[in-house]
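Engineer: Each chain, written out:
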Amino acid sequence: MARTDVQLMLDVKAGDEQSFELLLRKYRAPLVNFLYRMVRDPGVAEELAQEVFLRVYRARKEYAPSAKFTTWMFRIATNLALNSVRDNRHRQMEISMDQSVAMGDEDQPAMQVPDDAPSIEQEMVARTRAEMILKAVHALPEKQRAAVLLHKYQELDYDEIARILECSESALKSLLFRAYETLRAELAPLVNSVRV
Amino acid sequence: MSGTQKCSGMENKLVAYLDGRAKPAERRAVEAHLAMCAECRVRAEEFRALWNAMEDLPVLSPSPAFDASLRARIAAEPVRRGFWEWLPSPRLAFAVTALVVMSVWLSSMPRIASNRTRVEAKVEAKVVQMAAEADYRMIRDLPVLENYDVLSKFDALSELPNSPASVTQEPAEQVQ
Numbered sequence: 001m002a003r004t005d006v007q008l009m010l011d012v013k014a015g016d017e018q019s020f021e022l023l024l025r026k027y028r029a030p031l032v033n034f035l036y037r038m039v040r041d042p043g044v045a046e047e048l049a050q051e052v053f054l055r056v057y058r059a060r061k062e063y064a065p066s067a068k069f070t071t072w073m074f075r076i077a078t079n080l081a082l083n084s085v086r087d088n089r090h091r092q093m094e095i096s097m098d099q100s101v102a103m104g105d106e107d108q109p110a111m112q113v114p115d116d117a118p119s120i121e122q123e124m125v126a127r128t129r130a131e132m133i134l135k136a137v138h139a140l141p142e143k144q145r146a147a148v149l150l151h152k153y154q155e156l157d158y159d160e161i162a163r164i165l166e167c168s169e170s171a172l173k174s175l176l177f178r179a180y181e182t183l184r185a186e187l188a189p190l191v192n193s194v195r196v
Numbered sequence: 197m198s199g200t201q202k203c204s205g206m207e208n209k210l211v212a213y214l215d216g217r218a219k220p221a222e223r224r225a226v227e228a229h230l231a232m233c234a235e236c237r238v239r240a241e242e243f244r245a246l247w248n249a250m251e252d253l254p255v256l257s258p259s260p261a262f263d264a265s266l267r268a269r270i271a272a273e274p275v276r277r278g279f280w281e282w283l284p285s286p287r288l289a290f291a292v293t294a295l296v297v298m299s300v301w302l303s304s305m306p307r308i309a310s311n312r313t314r315v316e317a318k319v320e321a322k323v324v325q326m327a328a329e330a331d332y333r334m335i336r337d338l339p340v341l342e343n344y345d346v347l348s349k350f351d352a353l354s355e356l357p358n359s360p361a362s363v364t365q366e367p368a369e370q371v372q
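Heads up: the protein sequence lines correspond to chains A and B, in order. Numbering-wise, the first sequence is residues 1 to 196 according to the numbering used here. Numbering-wise, the second sequence is residues 197 to 372 according to the numbering used here.
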């Protein structure tokens, strides 16, 4: 029977390094993706994801399972991402999707996108759509952005997201509604093409 | 029968309804509203379309060096040790605790001993004082005691038996 995240973390607390490896394997990709979508810099996203794991590891001795492991981990990640964005150190670096999805480019080994071998035209369309979505999400206010990413891509429960963002569930639902209203307007071309 | 007030009520219900996590009562309320409000029906449809479109975001993989880099950062972490971690075993912790308790107990012992000494010293001082007083009285009476005239005429002395020398001489005189 597979151990839950909380059980794994309690084992880490007891000194089991192997359990930390399991948590790392399970959450490194979701964390990197979440952080990339928050900060839009693949290098910073990796650095921040490592920082999240480092903080989890540092705090292992004091870990108390008062909430879900993902709530704790994404709370650390969200705070780090918001601080990073607020520091404005990386805001000026406009990372194009060309860089982030470049495969086999020796200058950009950090991020890899699964290669389904689409045609050049399909690839261009996909890149354009992805770029639009990323820009629209990134243009949202910080809290709305974090809420959308945790809701849409991490599929966390409302109570988890509310705890991460330190607000009530009702406030979170209103926050999400307003964020999706903005995205609906910003991404109208994509939305209408999906509807058609 | 669409109204702004009714639509604003959808603000914290519609998203949960669309992702299937609304409570039954909320779901019924949204369905009732959507049946009456064309604007919210369009909104709900476009939210669904938006979410489908957002699936197109590529999923990125961490770099192959991610784990190695993280392990290096963990290895570079300074080892933090709490107070109790300095004690290698519970047995030693118990021994240290016992030692502390013993020390506290022993440190209270001299206090009892000193109490006893104080009482003894008081008695001793009294005895010394009494002896000193007796000595003083004797010294004060010494001129009288050393005065031969006083002693020879002291009636009480005449009642004393003779000295041993005089007693031993008497039988000899009787023999003569």
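No wet-lab data here; the hints were simulated from the structure. There could be a bad hint or two in this list.
Said to hold, decoys possible - In silico EDC-like cross-links for lysine to aspartate or glutamate, where the CA-CA straight-line distance does not exceed 20 angstroms:
1. A:Lys152 x B:Asp263
2. A:Lys152 x B:Glu273
3. A:Lys26 x B:Glu241
4. A:Lys135 x B:Glu273
5. A:Lys13 x B:Glu273
6. A:Lys143 x B:Glu207
7. A:Lys152 x B:Asp252
8. A:Lys61 x B:Glu273
9. A:Lys135 x B:Asp215
10. A:Lys135 x B:Glu342
11. B:Lys219 x A:Asp159
12. A:Lys152 x B:Asp215
13. B:Lys219 x A:Glu51
14. B:Lys219 x A:Asp157
15. B:Lys219 x A:Glu155
Engineer: None of the hints should be skipped; say for each whether it holds.
Structural biologist: Against the structure, the hints come out as follows:
This hinted pair does not check out: Lys152 of chain A and Asp263 of chain B have alpha carbons roughly 27 angstroms apart, beyond 20 angstroms. The hinted pair formed by Lys152 of chain A and Glu273 of chain B fails the criterion: a straight-line CA distance of about 35 angstroms is larger than 20 angstroms. For a cut-off of 20 angstroms, the pair hint linking Lys26 of chain A to Glu241 of chain B is broken: about 34 angstroms separates their Cα positions. Between Lys135 of chain A and Glu273 of chain B, the direct Cα distance comes to roughly 37 angstroms. Violation of the 20 angstroms bound is thereby established for this hinted pair.
For the suggested pair Lys13 of chain A and Glu273 of chain B, the alpha carbons sit about 16 angstroms apart, so the restraint of at most 20 angstroms is met. Of the pairs offered as hints, the one joining Lys143 of chain A and Glu207 of chain B holds, with about 17 angstroms between alpha carbons and a cut-off of 20 angstroms not exceeded. In summary, the hint linking Lys152 of chain A to Asp252 of chain B is supported, as the alpha carbons are separated by about 12 angstroms, within the 20 angstroms threshold. About 14 angstroms separates the Cα atoms of Lys61 of chain A and Glu273 of chain B, which keeps this hinted pair within 20 angstroms; it holds.
For the proposed pair Lys135 of chain A and Asp215 of chain B, the alpha carbon gap of about 24 angstroms is over 20 angstroms, so the pair is violated. With a C-alpha separation of about 129 angstroms, the suggested pairing of Lys135 of chain A with Glu342 of chain B is violated against the 20 angstroms cut-off. The straight-line distance between the Cα atoms of Lys219 of chain B and Asp159 of chain A is roughly 14 angstroms, inside the 20 angstroms bound, and the hint therefore holds. For the hint pairing Lys152 of chain A with Asp215 of chain B, the CA-to-CA distance comes to about 9 angstroms; that is within 20 angstroms, so the pair holds.
Restraint check for Lys219 of chain B and Glu51 of chain A: not satisfied, since their Cα atoms lie roughly 37 angstroms apart, outside the 20 angstroms limit. Between Lys219 of chain B and Asp157 of chain A, the direct Cα distance comes to roughly 13 angstroms. Compliance with the 20 angstroms bound is thereby established for this hinted pair. At most 20 angstroms may separate the alpha-carbon atoms for a hinted pair to count; Lys219 of chain B and Glu155 of chain A meet this at roughly 17 angstroms.
The structure fails to meet hints 1, 2, 3, 4, 9, 10 and 13 from the earlier list, while all remaining hints are met.
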